[in-house]
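The listed protein sequences correspond, in order, to chains A and B.
One rule links them: number in my numbering = place in the first sequence (from 1) + 5.
One rule links them: number in my numbering = place in the second sequence (from 1) + 21.
Among the hints, erroneous ones may be present.
[Stated by the list, open to error] Going by beta-carbon spacing under 7 Å, a handful of chain B positions derived as facing chain A: (1) PHE24; (2) GLY42; (3) VAL47; (4) MET51; (5) VAL54; (6) SER61; (7) VAL63; (8) THR71; (9) ALA72.
Hint data in this document are derived by calculation from the structure and do not stem from the laboratory.
Glycine included, C-beta positions come from ideal geometry on N, C-alpha and C.
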Amino acid sequence: MKKLTLILTLIAALAASGLAQTPAPTAEPPAAPAAAPAPAVTPITAEDIKGVSTPSAEDKAKGDADGALTGTAADIAVADSKAGLTITDVLNQVGKNRMGINFVWTLICGFMVMFMQFGFAIVETGLCRAKNANHTMMMNFMVYGVGMLAYWVIGFPLQMGGVGAVANLGGTAPLSSEYTINLFGQAFGIFGQNGAFLSTNGAYDVGVMVMFLFQMVFMDTTLTIVTGSAAERWKFSAFLICSLLMGAFTYPIFANWAWGGGWLATLGAKFGLGHGYVDFAGSGVVHSIGGLSALAMAIIIGPRIGKFNRNGSPNAMPGHDITMVLGGCFVLAFGWFGFNPGSTLAGTDLRIATVAVNTMLAGMAGGFSAMFYMWIRYGKPDASMSGNGLLAGLVAITAPCGFVNPISAVIIGLIGGLIVCLVVEFMERKMKVDDPVGAIAVHGGNGLWGVIATGLFADGSYGGGWNGVAGNVKGLFYGDPGQLVAQLMGVSVLVGFVFTFSFVQYLIIDKVVGQRVDAKSELDGLDIPEMGALGYPEFELKTY
Amino acid sequence: MVFAGLVVTLLGFVLSVSSLGLTDSVNARMGMVIAGIVISLVGIIGIINTAFLKNAIWKK
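Just chain A, with the same shape it has in the complex (with noise of 0.2 Å):
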């Protein structure tokens, strides 16, 4: 116990140095300097076009070993090739070369988001029992599809269907329909209307297509986290009913009140409270309310037969494969530098660069406060922990990763480390709640630590005009008690409103199709019942 006083003290003089080097800035900021003359702007003309050089046919006939003679003039698309080139082809090559660098920056950000599904399906695999290797796989497998399915129908149009034109992908303008109510005089913004099959209302649009690739990897993150506490007991056909209703309501309704133009979003230009609600890349969006889920879940469907003695206490279950667990985090981790930098939906802006920082940093300090805490709790360094610990990290980090500096991205992650350990405590101490992956602990709890983070450690150097609020973004810490309200209103919907729709959601379903397998499934393992063949069919399994 002393040691781990001494670990908080540690960190609490860490928080308080790099808090102390960027101190919070007073509420007027010093007066600049008496502007210099501003230098005479010369504007382009018709003239110097016509007289750039560029090389010619024969240099280029002999090679271009060093690039210079590649991306020049001459590569300029020209519009009327009697006239030449001219000033609107210049201006209209600047426009294409920035959109064009946002949108594969954004696609490829996506591509490796839904690359992070295999890690997220061999960490669950790990971490799961052997007899339900192929069972565990396959939901991590088909979660993809379902969720898209349903996204494409109908959760997109409600979550981003009224978010209006998006600047750093020019073209989705058509997303511009938002249905709202009244209340407390003011319109909150209730869900999307616009964009159903990427088809309806000019939803064929190269900018929707990024937005919907980028967004929807996003959603199908959120569905995979349930997977994790209902694993090795979850029936198959539930889960896919499960996971269509969140793909297609759950997930996109909250999404929409904080990214698509909905109410929590507003909360700053239409109640004073800071930017409104700040979610940068998702601890909240996409990480609470799959860890709120999972807990909805794994409460109705309850705890592995043999979790826990009839005195309440708990047994370990230990996964499978260590290997693939770790190498998952790997997976994870590095799919996460599509995940934060990516929401940019800009390579153009620069900020990647410490959103990227952030993240690594953040991940890590994770991993090394729940290894020690392991460590010094029980003798061992335990490598699954050490491993949740680093999830933990990434996701505390991905809500703040936009607007701290690197030495609260390491607080944030350091705390996040502990918070995996103790919560996954109280839910197996306390709660008597069986989650077999941890995924209620790194991604409910740490969802809403990032959350709340960010409405204290926000510093004030990035995020000008955030949710239509001028100025950057600043936490409690920086100056702006208003922007932790706005976090902790979002806390709130997603304790209260969230964990109550999926709660709903999921009896309903418990009663009609049934959410848990029989006893005898369970002991046999899944493979054979549920999917109908091993996963690993050379091994002699355990029954216990």
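Guided by the hints, dock chain B onto chain A, whose structure is given.
Okay, now just chain B, sitting in the frame of chain A:
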């Protein structure tokens, strides 16, 4: 009991949202929102989960 737990959990959310209309003070809103979160957590941990634990599989 489960239904009561759901009502209490949702009540916390309603309390938080109602702070937007009841006061303009940032501190008062913060207090109401924190109270809303606590009420929702009581609903989840104290009522819903407790109700499910009464018939937990490991007690049989």
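Structure-based check of each hint:
Interface hint status for PHE24(B): violated, as the beta-carbon distance to the closest one in chain A is roughly 10 Å, over 7 Å. Satisfaction of the interface hint for GLY42(B) is found here, the shortest Cβ-Cβ separation to chain A being roughly 4 Å, below the 7 Å cut-off. Taking 7 Å as the C-beta contact cut-off toward chain A, the hint placing VAL47(B) at the interface holds, the least distance being around 5 Å. Checking MET51(B) against chain A by beta carbon gives a least distance of about 5 Å; that is within 7 Å, so the hint holds.
Annotation: VAL54(B) was flagged as interfacial toward chain A, and the flag holds, the nearest CB pair being 5 Å apart, inside 7 Å. The beta carbon of SER61(B) comes within 4 Å of a beta carbon in chain A, closer than 7 Å, and the hint placing it at the interface holds. Of the supplied interface hints, the one on VAL63(B) is violated, with its beta-carbon coming no nearer than about 11 Å to a beta-carbon of chain A, more than 7 Å. At about 9 Å, the closest approach between the beta carbon of THR71(B) and any beta carbon in chain A exceeds 7 Å, and the interface hint on this residue is violated.
For ALA72(B), the interface hint is violated, since its Cβ never comes within 7 Å of a Cβ in chain A; the closest pair sits about 9 Å apart.
The structure fails to meet hints 1, 7, 8 and 9 from the earlier list, while all remaining hints are met.
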